[in-house]
Amino acid sequence: MRKGQSAIEYLVILAAVIIIALIVISVIGGFPGMTRGVTERDSASYWTSADIGIVWYFISATPGTSVLVIRNNRVVPLNVTSIKFGGTEVFSTPTLLSPASSTNITLTNVPSCTPGQSYVLTTVITYKDVTYRTISVLSGEKPLVGTCQP
1068 MRKGQSAIEY
1078 LVILAAVIII
1088 ALIVISVIGG
1098 FPGMTRGVTE
1108 RDSASYWTSA
1118 DIGIVWYFIS
1128 ATPGTSVLVI
1138 RNNRVVPLNV
1148 TSIKFGGTEV
1158 FSTPTLLSPA
1168 SSTNITLTNV
1178 PSCTPGQSYV
1188 LTTVITYKDV
1198 TYRTISVLSG
1208 EKPLVGTCQP
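Numbering (this note's numbering), first residue to last: 1068 to 1217.
Treat each hint with caution, since some may be false.
[Said to hold, decoys possible] The calculated lysine-lysine pairs, modelled on DSBU-like cross-linking and capped at a C-alpha distance of 35 Å, are:
id, residue 1, residue 2
1, Lys1209, Lys1151
2, Lys1151, Lys1195
3, Lys1209, Lys1195
Calculated from the structure, these hints are not laboratory results.
Work the whole structure out from these sequences, hints included.
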């Protein structure tokens, strides 16, 4: 074995391990701050399974035509009292949802959007557990993401 050969072999093995580690990190989610934004699919998946699930949504540039279909994913009746997009209240009519039931709601005061453009709306839903009389606020971990409709 020549002088320095083992040091070079060590460096080559170390470089291979570092490259493999970086590949594994990128596959499992990357580094914080370097991840991609929330996609429409990520948003829909999250909101469908939330306590108050948003199972379908239509956000329109035309006032008074935006609609959400919400579902109670809990095992107790819930009374939805408020929905806010980016701090703006877009729904405030108390709506009772039995377990696993869903309903269509028409939204008011939806932040303006341009047809065909993407939107990202931070969403907060306030609801009351009818059985235990507790009030809960669901601040979405992911925003509602989609494309503005005409």
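Hints, verified against the model:
1. Lys1209 with Lys1151: Holds: Lys1209 and Lys1151 sit about 14 Å apart, inside 35 Å.
2. Lys1151 with Lys1195: Distance ~15 Å between Lys1151 and Lys1195 Cα, so the pair holds.
3. Lys1209 with Lys1195: holds (22 Å)
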